[in-house]
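**Q** Here's the letter readout for the chains.
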Amino acid sequence: MIVPWGETKLIQGNEAVALGAVAAGIEFFAGYPITPSTEIAELLAKYMPLLGTKWIQMEDEIASISALIGARLAGAKSMTATSGPGFSLMQEGLGYACMAEVPLVLVNVMRGGPSTGLPTQVAQGDVMQARWGTHGDHPVIAIAPSNVKECFEMTIRAFNFSEQFRTPVILLSDEIIGHMRERIAFPSEGDLHVEPKPIPDVPVEWYEPYHVTASNVSPMACIGSGYRFHVTGLTHDVHGFPTRKEKEVIEKMNRLKHKITRRLDELEDVRMHDVEENPITIFAYGSVYRSALAAQAMLKKRKKKVGVFRPVTIWPFPDRTVKEILDSKEVILVPELNQGQLIHEVERMTKDSVRVVPLHRIDGYEITPEEIVNAVLEVM
Amino acid sequence: MPAPLPYEYKYLRSKKKFPHVWCPGCGIGIVMGSIIRAVDSLSWEKDNIVMVSGIGCTSRMPVYVDFNTIHTTHGRALAFGTGVKMANPSLNVMAVMGDGDSLAIGGNHIIHAARRNINITAVIVNNDNYGMTGGQFSPVTPEGARTATTPYGMIEPGFDVCNLMEGAGASFVARGTVYHIIELDKILIKAFRKKGFSVVEVLAPCPTNFGRANRLGGPVEMMKLLKENTINISQAKAMKPEDAHGKVVRGIFVDKVSIPYDKRYEKLCEKARNSAGASR
Numbered sequence: 001m002i003v004p005w006g007e008t009k010l011i012q013g014n015e016a017v018a019l020g021a022v023a024a025g026i027e028f029f030a031g032y033p034i035t036p037s038t039e040i041a042e043l044l045a046k047y048m049p050l051l052g053t054k055w056i057q058m059e060d061e062i063a064s065i066s067a068l069i070g071a072r073l074a075g076a077k078s079m080t081a082t083s084g085p086g087f088s089l090m091q092e093g094l095g096y097a098c099m100a101e102v103p104l105v106l107v108n109v110m111r112g113g114p115s116t117g118l119p120t121q122v123a124q125g126d127v128m129q130a131r132w133g134t135h136g137d138h139p140v141i142a143i144a145p146s147n148v149k150e151c152f153e154m155t156i157r158a159f160n161f162s163e164q165f166r167t168p169v170i171l172l173s174d175e176i177i178g179h180m181r182e183r184i185a186f187p188s189e190g191d192l193h194v195e196p197k198p199i200p201d202v203p204v205e206w207y208e209p210y211h212v213t214a215s216n217v218s219p220m221a222c223i224g225s226g227y228r229f230h231v232t233g234l235t236h237d238v239h240g241f242p243t244r245k246e247k248e249v250i251e252k253m254n255r256l257k258h259k260i261t262r263r264l265d266e267l268e269d270v271r272m273h274d275v276e277e278n279p280i281t282i283f284a285y286g287s288v289y290r291s292a293l294a295a296q297a298m299l300k301k302r303k304k305k306v307g308v309f310r311p312v313t314i315w316p317f318p319d320r321t322v323k324e325i326l327d328s329k330e331v332i333l334v335p336e337l338n339q340g341q342l343i344h345e346v347e348r349m350t351k352d353s354v355r356v357v358p359l360h361r362i363d364g365y366e367i368t369p370e371e372i373v374n375a376v377l378e379v380m
Numbered sequence: 381m382p383a384p385l386p387y388e389y390k391y392l393r394s395k396k397k398f399p400h401v402w403c404p405g406c407g408i409g410i411v412m413g414s415i416i417r418a419v420d421s422l423s424w425e426k427d428n429i430v431m432v433s434g435i436g437c438t439s440r441m442p443v444y445v446d447f448n449t450i451h452t453t454h455g456r457a458l459a460f461g462t463g464v465k466m467a468n469p470s471l472n473v474m475a476v477m478g479d480g481d482s483l484a485i486g487g488n489h490i491i492h493a494a495r496r497n498i499n500i501t502a503v504i505v506n507n508d509n510y511g512m513t514g515g516q517f518s519p520v521t522p523e524g525a526r527t528a529t530t531p532y533g534m535i536e537p538g539f540d541v542c543n544l545m546e547g548a549g550a551s552f553v554a555r556g557t558v559y560h561i562i563e564l565d566k567i568l569i570k571a572f573r574k575k576g577f578s579v580v581e582v583l584a585p586c587p588t589n590f591g592r593a594n595r596l597g598g599p600v601e602m603m604k605l606l607k608e609n610t611i612n613i614s615q616a617k618a619m620k621p622e623d624a625h626g627k628v629v630r631g632i633f634v635d636k637v638s639i640p641y642d643k644r645y646e647k648l649c650e651k652a653r654n655s656a657g658a659s660r
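Listed in order, the protein sequences are those of chains L and A. Under this note's numbering, the first sequence has 313 at position 313, and the numbering climbs by one with no breaks. Whatever position you read off the second sequence (first residue = 1), add 380 for this note's numbering.
Watch out, some of these pointers could steer you wrong.
[Claimed, not checked] Pairwise CB distance ranges, derived in the manner of DEER restraints:
no.: 1; chain 1: L; residue 1: R244; chain 2: A; residue 2: G597; range: 27 to 37 Å
no.: 2; chain 1: L; residue 1: V202; chain 2: A; residue 2: K426; range: 34 to 44 Å
no.: 3; chain 1: L; residue 1: T235; chain 2: A; residue 2: P522; range: 56 to 66 Å
no.: 4; chain 1: L; residue 1: P114; chain 2: A; residue 2: I639; range: 53 to 63 Å
no.: 5; chain 1: A; residue 1: E388; chain 2: L; residue 2: H344; range: 53 to 63 Å
no.: 6; chain 1: L; residue 1: E251; chain 2: A; residue 2: Q516; range: 29 to 39 Å
no.: 7; chain 1: A; residue 1: P522; chain 2: L; residue 2: E347; range: 36 to 46 Å
no.: 8; chain 1: A; residue 1: P404; chain 2: L; residue 2: T235; range: 21 to 31 Å
no.: 9; chain 1: A; residue 1: Y389; chain 2: L; residue 2: H211; range: 26 to 36 Å
[Claimed, not checked] Here are the simulated BS3-like pairs of lysine-lysine, each with C-alpha atoms no more than 27 Å apart in a straight line:
no.: 10; chain 1: A; residue 1: K390; chain 2: A; residue 2: K566
no.: 11; chain 1: A; residue 1: K643; chain 2: A; residue 2: K566
no.: 12; chain 1: A; residue 1: K426; chain 2: A; residue 2: K396
no.: 13; chain 1: A; residue 1: K607; chain 2: A; residue 2: K617
no.: 14; chain 1: A; residue 1: K570; chain 2: A; residue 2: K643
no.: 15; chain 1: A; residue 1: K647; chain 2: A; residue 2: K570
no.: 16; chain 1: L; residue 1: K257; chain 2: L; residue 2: K351
no.: 17; chain 1: A; residue 1: K604; chain 2: A; residue 2: K627
no.: 18; chain 1: A; residue 1: K575; chain 2: A; residue 2: K620
no.: 19; chain 1: L; residue 1: K247; chain 2: A; residue 2: K396
no.: 20; chain 1: A; residue 1: K397; chain 2: L; residue 2: K252
no.: 21; chain 1: L; residue 1: K247; chain 2: A; residue 2: K395
no.: 22; chain 1: L; residue 1: K252; chain 2: L; residue 2: K197
no.: 23; chain 1: A; residue 1: K397; chain 2: L; residue 2: K247
no.: 24; chain 1: A; residue 1: K617; chain 2: A; residue 2: K643
no.: 25; chain 1: L; residue 1: K46; chain 2: A; residue 2: K396
no.: 26; chain 1: A; residue 1: K397; chain 2: L; residue 2: K245
no.: 27; chain 1: L; residue 1: K46; chain 2: L; residue 2: K149
no.: 28; chain 1: A; residue 1: K643; chain 2: A; residue 2: K575
no.: 29; chain 1: L; residue 1: K245; chain 2: A; residue 2: K396
no.: 30; chain 1: L; residue 1: K252; chain 2: A; residue 2: K396
no.: 31; chain 1: L; residue 1: K305; chain 2: L; residue 2: K351
no.: 32; chain 1: A; residue 1: K617; chain 2: A; residue 2: K426
no.: 33; chain 1: A; residue 1: K426; chain 2: L; residue 2: K197
no.: 34; chain 1: A; residue 1: K566; chain 2: A; residue 2: K607
no.: 35; chain 1: A; residue 1: K604; chain 2: L; residue 2: K252
no.: 36; chain 1: A; residue 1: K643; chain 2: L; residue 2: K46
no.: 37; chain 1: A; residue 1: K647; chain 2: L; residue 2: K46
no.: 38; chain 1: A; residue 1: K426; chain 2: A; residue 2: K397
no.: 39; chain 1: A; residue 1: K570; chain 2: A; residue 2: K627
no.: 40; chain 1: A; residue 1: K566; chain 2: A; residue 2: K604
Since the hints were derived computationally from the structure, they do not count as laboratory data. We put the beta carbon where it would ideally sit given N, CA and C, even for glycine.
Model the full structure from these sequences, guided by the hints.
**A** See below:
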C-alpha cells in the first residue's frame, strides 16, 4: 500500500503530490528532472513499477508532455511535473492537449525566473504563463495549493477536473509548498472522489470524438478499444478531421471556450476569511496565502481588522465573486511573489475607486507576515 | 457492374478524405501504399494499429488510412508514440515522418527512441527538403543543393540517416526507395515484425520543390534518378569501391535481436515487486 490511507504522517508537499497522483489512479508519468519538482518524479519512479503502472524519464520536457498525450489517448491517466523552464517547453504540448481535448495533469512547482532564474528559490512568476503560455485562444484550468494536505487533495482534484472537462489541468504549486513538510491526516480509502475515465457508449459507427453536447464535452475513446478516429492539432470537425470551414472552426473554438466559461460554478473555489465585514482585504494565493493568514492574526491582536481572500482555482479567474465581494472594498492588498501578475485580474474586476495595492517580493524569499502587516498599516 | 475495389481500399478512408494533399509526382503516396501492403500481409487488425506522425507532407498520411491515427506536433511523433506504446504495448505503433520532421526538430526524440529501443517502426520519407513550407533545406539536403533557403547552395554536410540510427542503437535499420517498391514492401514487413526500434528510410522525389530548384526534371526523371543512383547492398558488396562511389546503398543494414523497452519495463516491475516483497 503506497498511500497511507487513514494514517497521519509528516510529509513534504511534493511527496503529497506523488501520493495524490497514486490515489487518483495515475497510470502514466513522463518527466524530465528539474528543481524544485524532482521529488515528484523520483517518488513516482519508486511507486509506479510496484503498481505495474508506467513511468518514464524522457529526453526533455517537450517529449514528456507529448508522451503524456499519447499515453492518455491510449487510455492511461497521465501526469508530469516540472518547473518554470520546463513549463516553457511544455507549452507546445499543452496547446495540443487543449486543442485535441486530451485530459492530463501538469504540476508546475514554481521557481524564480525568467530563464534559469532562481532554481532553488520560490516565485509565483508563472501565473500568466499558465493562462496564456501556449499560442492561440485556449481553455485553461489552474489550481494553486497552499499546504501539504492540499497538495494531496488538489492533485486528485486536478485529475478529476481533467477528466470532467477533457482538458489539461495545471497544478500551480511553488517551491515553498513543494518543499515544506507538514503533518497531514490521510482520509480513508474511498472517502475521496476519483473521477473515472469517461468512455463512449455509442456504437462504433456512430462515434464522433468531438460530438457537440450540452456540457461541451464528449467522452474520449481509448485507442485500441475499437473506436478508430483521427487526432490532430489542426482545427478539426466533430470527427477529428482537419477543417477550414468557417462554421466548423467557429463551433470548435467556441466549444473549447464554453466548456470552461459555462461551467464556472463547478470550477470556482475561493476561500474568504472576514472579507465581507472589513473594508481592507488581502488577496493572496499559494504560499503567500499562509503569510496573509498569519498577518491577519497579527493585525487582529493589534485590534486592526482585515479580510483575506484566496482564489484556489486561479484559472478561470473567479471574476463574478471578485466583482461581487471585492468591488465594495476600500483597499485590496495583493502580495505576490512576482512583479504583479494576478493583481491585474483584481484590477480588471474592481472599479477605479477601489485602491488595489501591490506588494512584491522577487528575491526568491517568501513574503513574511510582517511585511504584509506593515503594508496594511501603511494603507490604513 | 463496377469492378471490385482493390484490397488496399479497406485500409483507406477512401470515401471521406480523398483526394489527398500531395503534389503530382510526390513519392509519399507510394510509401503509403507500401505500408498498407505490408500491414495486409501481416494480417494486422486495423483496431490495433496506431499511426503517429509529426508535421509536414509525410505527416499528412494519417488522415488517409483507417487506423488509429495521431497527427501530432512538429518533430514529436515518436514522443507521442512512446506514450501510446507504453500505455498499451499490445498496439502496433508506427511513426511516419519526413526528413526535416524526424531529423531536425525531432532529432533528439529519434536518437532517444533508438537508444531506448522502444518497439515502434519509424518510416522516414526522405525527399531532401521541407516540402510543405516551400522547399527549404533539411538535415539531409546534399551539399551544394539549391533550396528556398540555400539560394547559393547548401554548405552544411547532411546526415546519413542509416548510420545515425545504427549508432543510436536501433534494432533494425534499412533504406529503400519509392522506385524499388517490391523491395520496399519486403523491408517494411520485416521492420513491422521487428521487436524493438526499427527505422526505414525511404528515398522519395519532391518534383515540386527540390526537383525544380535543382533542375532534376519532372516526376519521371526523378524516379529514374532513384533507379540509377542507388544500388542494392549485395551489389555494393560485389562492386569495387571506386565503382560504388557516389551511389546510395539500399537494403537492410542492421537487424539484431535486443529486448525492446516495454519488455524491459515489464521486468523492472517484477523486480520492484520482488524486492518490495523481500523487504517486508
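**Q** Kindly indicate which numbered hints from before are broken by the structure, ordering the numbers from low to high.
**A** 2, 3, 4, 7, 18, 24, 25, 32 and 35
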